[in-house]
Amino acid sequence: MSVDLATSEDQVLLRRITYQEADALSVLYDRYGRLLYSVAYHLVGDAHLAEEITLDVFRRVWEKAGTYRADRASVRTWLTSMTRNRAIDMLRREGVRPEHNSIRWADLSVEPHADGHSPETAVSHQLQKQTVHNALGQLPPEQQEVLFLAFFGGYSHSQIADELDLPVGTVKTRIRLGMQKLRHILQP
Amino acid sequence: MNSETHITDELAAYALNILDAEEAATVAAHLERCPVCQQELQTYQELIGLMAATVPTVMPPASLKQQLMHGINQEKREATAVASSPSPSLPPTPTQTSWWHILRDWFQQRPILQPVLLLLVAVLLVSNFQLRQRLAEADRPAGFGTITLSGSAETAAATGLIIISGNGLQGTLVVQDLPMLPESQAYQLWLIKDGHPTSGGVFNVNENGYRAVWVVSEDPLASYTSFDITLEPADGSAYPTGRTVLND
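Chains as they are written, first to last, in this note's numbering: chain A, 6 to 193; chain B, 10 to 257.
Hint data in this document are derived by calculation from the structure and do not stem from the laboratory. Small disclaimer: the values here were computed from a predicted structure and weren't measured. For glycine and all other residues, C-beta sits at the position ideal for the given N, C-alpha and C. Take the hints with a grain of salt, since some may be wrong.
One-sided and incomplete, this derived list gives chain B residues near chain A with beta-carbon spacing under 10 Å [claimed, not checked]:
(1) 57
(2) 76
(3) 204
Here are the computed lysine-lysine pairs in the DSS-like style, where the Cα-Cα straight-line distance is at most 30 Å [what the hints assert, rightly or not]:
(4) B:74 - A:186
(5) B:74 - A:69
(6) B:202 - B:85
Given only the sequences and the hints, what does the whole structure look like? Please build it.
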């Protein structure tokens, strides 16, 4: 019996990946490869490192798809979280900091990242992106600034404090307030 | 745990992965024992997932997917070579009349006697097995015997038994006390080896929750590492997609 993988839910793909079905991983890559590569690239600022991180994440999915918990996160969140953490680990291990002068919150995209989703899902994702974009724009500039360094730089509290010449307590407060406000706007 | 002990102020930073190692370890230790903070963390993780989806698109090279899939397929080939065992096909519909068919028909036509017959068949098979052991020890097939299946939390009363034939390649699955399904659904038996499931048959049960199913495999049934019965669409699935109702 054939099953149309291209229209399968993300969770079904993961389940089939646990059975070592390479076609399911291929479809998952079509849906999220571009997004994960983009997340990695904007964190590490290097194409080769971004490729390494993206491959590493999908290989991890191939080996560990069974550890995914649908009650804890969406597949997209699970994948982007793995990618961010892998990229931040790499930055900290290598002790390097990418330049982020070329990107600001205002530059963030509202265009779809992947073309492997159903039209309904793609529209839903695009609406979400537009909403997030608008929500980020509502934050005070000082909160945008620290969140930007935390989100794209993987900077720790103390590193952000050094970078902006601010007390650590001030950085912590701005990040906490910024995230709380985003949450209030996006998850009322 | 009372509210004073929660660490909600740290959770956004923890989700962003920007805490120092010592702070992160403290939060992680707290999360292990605090479902309230776990739930709070999930909301921040979803929020960060949304933020991540807004990054400007950068196209990965086309070769990246090829590299990924080449590595995965190479790994699969190596794993297959190590296993070096043919995978069983779906069980064909038996065309010849055998005592297994007669036994199956008996079960289906006399629901009231099913528990007794089930026990009798099991006893006869075990007895037969012991006799064969004595008479033909050298030729004894490896897979002869029975496999008991137990219900899940939702089907705790259900039971199943796979009775394996003398040559180890055929068997009869007998289930009882499973809920009768609507026409759009069916139960499906899965023979699982090395994490790879192979369909062992699609079936429904009668109003008494009973059914006997003929199972055929190219590999000895006892060589499979586990047996699952899942809830599937009426025509069955290529892979398990529904919840497990019985397993060994």
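Taking the hints in turn, this is what the structure says about them:
Hint status for residue 57 of chain B: holds, given a least beta-carbon distance of 7 Å to chain A, under 10 Å. Because the beta carbon of residue 76 of chain B sits about 7 Å from the nearest beta carbon in chain A, less than 10 Å, this interface hint is met. This hint holds: residue 204 of chain B has a C-beta 6 Å from the nearest C-beta of chain A, less than the 10 Å allowed. Between residue 74 of chain B and residue 186 of chain A the alpha-carbon distance is near 38 Å, which puts this suggested pair outside the 30 Å criterion.
Distance check on the hinted pair: residue 74 of chain B and residue 69 of chain A sit about 19 Å apart at the alpha-carbon level, within 30 Å; holds. Among the hinted pairs, residue 202 of chain B with residue 85 of chain B is consistent with the structure: their alpha-carbon atoms are about 15 Å apart, no more than 30 Å.
Taken one by one, the earlier hints fail for this structure only at number 4.
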